[in-house]
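Asker: Listed here are the chains, written in short residue letters.
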Amino acid sequence: MKPFDLVEPRSLAEAIGCLDRDDPAVRPIAGGTALMLMMKAGLFRPLRLVSLRAIEERFRRIAAEPDGELRIGAMATLASVERSPEVARLAPVITRTLRRLANRRVRNVATIGGHLAHADPHLDLPPVLVALGARLIIAGPAGEHAIAIEALFKGYLETVLRHDEMIAELIVPPQAGRQSAYLKCTARSADDWPSLGIAVSLSVAGGIIRDSRIVIGAATETPTRLAAAEAVLRGAAIDDAILRRAGEAAAAEAAIVSDQHGSAAYKKQLLRVGLGRAARSALAAAPEAPR
Amino acid sequence: MTKPLQRGQVGRSARRLEGRAKVTGRAEYVHNLRLPGMLYGKIFRSTVAHGRIRRIDVRAAQAMAGVERVVTGEDLHAVIPNPYYGPAFHDQPILALEKVRYAGEPVAVVLAADPHVAEEAAQLITAEYDELPAVFDEVEAASSAAIVHEVLKPAGIFPDLKHLEGRKNTNVALDFHLRRGDVEAGFAAADRIFEHSFRTQQVMHTPLEPMVSVADAGASAITIHTASQSPSFVRIEIARLLGWPENRVRVKVPYLGGGFGAKLYIKLEALVAALSLLVRRPVKVALTMEEQFFTITKHAATLRIKSGVAADGRIVARRCDVWWNGGAYADVGPRVTQKSGFTAAGPYDIENVHIESYAVYTNLPPAGALRGFGIPQLVWAYESHTDLIARALGLDPLEFRRKNILREGRPQATGTIMRDAAIEAVLDRLAQRMKWREPFDRGSGTLRRGRGLGIGFKASIAPTTSVAIITIAADGSCVLYSSTVDMGQGSDTAMAQIAAEVLDLPAEAIRVVHPDTDVTPYDMATLGSRSTYHMGNAVKRAAEDARDKLAALAAELGLPPGSNLPWPELFRRKYGMQAGNIVGVGSFIPSYASPDHDTGLTANATPFWMIGGAGAEVEIDTETGAVRVTKLVNVADAGTPINPAIVETQLSGGAIMQLGFTLSEEMQFRDGQLTNASLADYKIPGFHDLPTAMESAAVEAQEHGGPFGAKGVGESGTFGVSPAIANAIDDAVGVRLSALPLTAEAVWRALGEKRGEA
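Residue numbers (the working numbering), protein chains in the order written: chain A, 1 to 291; chain B, 1 to 758.
Just chain A, same shape as in the assembly:
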């Protein structure tokens, strides 16, 4: 590892000023759980790291708005999100997902902003947050703007963020009685990266699915919404046959790739079977944001 500069600005604005729009070797570092591995492996050689640990405290805050919206500062650690009573009340699927995300040591230091900006397709929260319709506040030299979370991801370890932009805040809209679940499939050990992650968010009334959002991760380059499967479920009464049909539709439409976690054929089978299981588990879960 080559020597590099480490700066520790006191504010987000100052941190943005330390970044360089044209230089990918100048990067922000939050928890560092991904970046340090890349540095140790020689995949990333920084000229300057901009540590975010001393920026304003409000970027660590987790707050519930009166209407049920959740606002999570980008510097909130995964462990603090996992333990947040607001998150457990308004979006319990996030709490449940975090319990099997990486391990306690990683969750204690990794931040939600870093988790999303890393854009590794194997991460668990991106598909979940897409299914919940989350938004991000992006901060840069020109100020702040909001984007839908699915707009963040461009490819493998690639986001739309410019080198002088950062995620400032995550906003999860009111879930208004939706029921959600995330199914993590690991191929080797329990703490392995997922071979497939399936996030399902349903709005159900009188046994009829009014609306569904189905998003997969890990098996595709970016979190991918499965429109055909959603169409099968829209307006349908819930039974095993319809869930199986949705699973078939999902397996047919998803552009799944083979990797060391499993062949494309096997991951399609996991999706075929897992979609119904995830939906069943969403329906068994308490509705998000109970009124």
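Simulated from the structure, these hints should not be mistaken for lab results.
We put the beta carbon where it would ideally sit given N, CA and C, even for glycine.
Incorrect hints may have been included.
[What the hints assert, rightly or not] Ranges of calculated distance between the beta carbons of each label pair, as one might list FRET restraints:
hint: 1; chain 1: A; residue 1: LYS2; chain 2: B; residue 2: THR465; range: 34 to 44 Å
hint: 2; chain 1: A; residue 1: ASP67; chain 2: B; residue 2: THR47; range: 56 to 66 Å
hint: 3; chain 1: A; residue 1: ALA151; chain 2: B; residue 2: LYS435; range: 55 to 65 Å
hint: 4; chain 1: A; residue 1: GLU69; chain 2: B; residue 2: MET694; range: 28 to 38 Å
hint: 5; chain 1: B; residue 1: ARG59; chain 2: A; residue 2: PRO3; range: 16 to 26 Å
Following the hints, position chain B against chain A.
Answerer: Same frame as chain A, but now just chain B:
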């Protein structure tokens, strides 16, 4: 059952002597060692699997600020004229010379006072190779035109390798044969013939402390601090390489953070010794976790097994053909081939046996000893095969095993008569703990349940020597000097208990000195579950010698026999003050007879047998193939345990390690390039992967040649695990997997094939 316990030091679950130092972070490890003026070495590795070295360009690395020196293989000739090492063959260059034989082989080293500078500079080295045809599969390599080593170079230590001297145009580093009875006649007379083929994958030891060595060369002597399981071997081999007498080479070993066979023989020691001699400064090389994958591994193997079974269900003939994928350097592979090879037919009483076992060179990272020394690969094959036969014959797998099991007093395939080998007792205990004869819930719907058994045995490597010294100081305190390495298995505690039993002291009062070849006497190595038996006997003899000398001193002082005068008083009366020492010495080598070269037969194959069996209950998700081990039972014959708690953790630790090799661990290669050399992509089991219920037990047994009836137990927990799980999967869903690891996808594919969807 005789109770040899008189004083209660042996047979009690004493707490580990080093436990407090370890949990408080005070235990000594080589990783923490920094010597004044020390340089760090970073290895530059080959990127091709097989190639002739055309050019190594070190100029940019050498020019980098802070780099002391860049060293290539050719540079080493200045301090070591013939820089090839190895326990069985002198085939491995300290740094590649002329050729590279696997991707990841050490080619050059950068030395710098700052390890980060060394690492950065190593990335500036470039090398060009003329690529040569490479071979990776062990069966293909046995007859391939791609030759890994132009000429075989046996080390000359082992008589059964001498015939290989100078052999050319072959990748077969050792061919071991065993012929008992007439296997073809046996097949001809049999009622049914069964033939199956199995494969195991290449895996890694994954000690949590990666390999690390430091050498400090002086004008006429060298000291090597190393995380090694074999300090005495390191001393002898470094002395040989340097052409020095042994007494100029000092090897010191503190605690190890795990070994499992990875830290045997020479790993980094020859490299740091050569580097330190070249630059005349202390040199440390510490591998990363990732680099361990390119250092030593466990043999992948292809195993073919054919059995003839008589109408009454007795196995009458068995032929086994085993190819061991040794990788690019032999390491101790030829020993695995022979020492494990002769048990390839399993713990069964079979009249006609024919075994062919081949150590084969390939262009992959070298393979050596890993907890079981080849036995888990063999048991995987013969216990899967045994179950397949039982199923085909419609017999209960337990009853079929019981019918054929090798009983006390019967000859094993080599002709050696089985003694103190509780095979049947282990099988019975396993059945009892598995409640084998009781009804079993087989599940329903998409969740199906099954159960399976596996039992294996292993001979101790022989003949090997251990020497121990015990001193009694004038205040009566006792020190034990032994070159057995406590790498986490609890040998310090066990050896102290043995000495304490003889000397009537609390084990906790005995100081155990760690290996230092200037101080502690010779021991072959800490490997193959040999320490409790071999070093245990040496320690017992050393303690008895000290006790006898104390008695002689008492007699010399005119005390009546049986006088209980405190030891300090004896010294005071003899020397007039607190002065003097009693030095007790014990040395042990068991009797042994080499197998005949042509037939593999011998009347005395091993000083003792290790027996281990496993039973597994599994739950299979028929839609995804996911395998959950709900129960894992391990039973072993450990003789009479010196420390029952440590015996139990050795069994459960071995079983969990083998569980990883069974379900998830696999080194994946593409054209000889390892594609998952990190713990993020090579998955060892975590706590969430452990079976819901786990039981480990030792049967009541006694090893008559062992200290206080004990024998080794470090590997027995690994033997039966893989086939027990595969047999349970078959029992649950009727599919048979013949290759490890048993992944969910493999089960799902097999289920598809069974339904005709292949």
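Asker: Each hint should be assessed against the structure and marked as holding or not.
Answerer: Results for each hint:
1. One distance hint, 34 to 44 Å for the beta-carbon pair LYS2/A and THR465/B, is violated here, with the actual separation near 50 Å.
2. Distance hint check for ASP67/A and THR47/B: the Cβ-Cβ separation is about 58 Å, which falls inside the suggested range of 56 to 66 Å.
3. A beta carbon spacing of about 58 Å between ALA151/A and LYS435/B agrees with the range 55 to 65 Å that was offered as a hint.
4. Between GLU69/A and MET694/B the beta carbons are some 47 Å apart, a value that contradicts the proposed interval 28 to 38 Å.
5. Checked against the hint of 16 to 26 Å, the pair ARG59/B and PRO3/A passes, with Cβ atoms roughly 22 Å apart.
Hints 1, 4 from the list above are not met by this structure, while the remaining hints are.
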